[in-house]
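Peer 1: Sequence:
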Amino acid sequence: MALDVRTITAAELPDWTRAKHAGFLRPTTAEEAAEEARKRLPYTDLDRTRGAFDGGRCVATYRSFAQELTVVGGGVVRADAISNVTVSPTHRRRGLLHRMMDADLADAKERGEVVATLVAAEYPIYGRFGFGPAVWTTDWEIDVPRSGLDPHRPVPAGPGDGRIDLVDGATVRKLGPAVHDRLRARQHGVIDRDARWWEVNTGENVPGPFAWKEPFYVLHSDADGEPDGLLVYRADSRWSEAKQPLNTATVSSLIATTPAAERALWHYLCSVDWITKVRTGNRAPDDLVPLLLPDPRAARVVTQADYLWVRVLDVVAALEARSYAVPGTLVLDIHDAAGLAGGRYRLEATASGAAACTPTTDDADLALDVRELGTLYLGDESPVRLAALGRIEERRQGAVAVAEGMFRAARRAWCPDMF
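Numbering-wise (this note's numbering), the sequence shown opens with residue 68 and increments by one.
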């Protein structure tokens, strides 16, 4: 029997949910799947939710939704955010992902979405669809007693440093969005958070089979009383046989709009009584946190990996949306096996950082696949490194050096959120 690959109906969402959990190795009963589907249905765009069906049973899942992505310089592009991608182990290697992905990316291109984004569970899968790793993540473990911080020092240290308050989820839902919007106006790699994101992440509307455990919410406000930082963390309860505390605080989220707020929140967390270790969670690889400690060696890297992947769908709109560090001109020959974004383009950046991008028939300075363009897009990767790896072809001498100056950003990209 032929496999039926298509968007799903509301009646099929429970079966789709069961298949999704099976793909992620989380067995779910029919009753649990039905309850989750009931909660998710009001927030699910069925026109962007796909499945593969074998004899009426869902055996593969795929979902996308509208997203906004901040790019270098603070511009924002519309993105096709892809999530919940699974293929049941009984139906692997039958081209199901390809069929769902091809249909979704074609629809996204038609809608005018500039890029597609995803967080890859496995590295080797998505390069063949034109995605490149554009944002990386680092997680540190801080040995608090070794950090050199003075446990007796008040946090904040004085009235000019603002204040820190423990708040509840309702306060976070009220004040958090404004803090996040200020962050994403300046930090490339950050994605938008809608009202439902704040509901789910404060325990008000949690779908699925996962039990909610209330975290601590910490709000930092500046000297004028304006909220400018938000920390969310949970702590375990461990003690040694000698009755010494061995507790770990694990950060779910820490966002701040100023370095002062960021410093204050980290110092606060490392000063909480009984906390001897802090897991920072998902941070940019060049995050300030190790250097905020008197002894940076107290922060040990425990995870460093690719995180947000980007697939360019509209080269002109994508390259004109971001800014560039130095002026320059490049003719890029982009190869795209899917035929969505290939072609030759002239990119001209001015001293102000703005750029114009136009199709051209001029000789190319650089040739690269669309997946490498995605890797370069947020300024996190080096064109010189990609050229050394044979993933960029230099057709005009010196063009790689020009690209290095234009595309790189002073700080690394960061995406705080999983989706």
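Please note that the accuracy of each hint is not assured.
Cut-off 27 Å, straight-line C-alpha distance, at most; resulting in silico cross-link-like pairs (BS3-like, lysine-lysine) [unchecked claim]:
1. Lys-241 / Lys-106
2. Lys-280 / Lys-106
3. Lys-344 / Lys-280
4. Lys-280 / Lys-310
5. Lys-241 / Lys-280
6. Lys-310 / Lys-344
It should be emphasised that the hints constitute simulated quantities derived from the structure, not laboratory data.
Peer 1: Next step is simple, just say for each hint if it's right about the structure.
Peer 2: We went through each hint and held it up to the structure:
no.	hint	in the structure
1	Lys-241 / Lys-106	23 Å, holds
2	Lys-280 / Lys-106	19 Å, holds
3	Lys-344 / Lys-280	20 Å, holds
4	Lys-280 / Lys-310	26 Å, holds
5	Lys-241 / Lys-280	20 Å, holds
6	Lys-310 / Lys-344	16 Å, holds
Taken one by one, the earlier hints all hold for this structure without exception.
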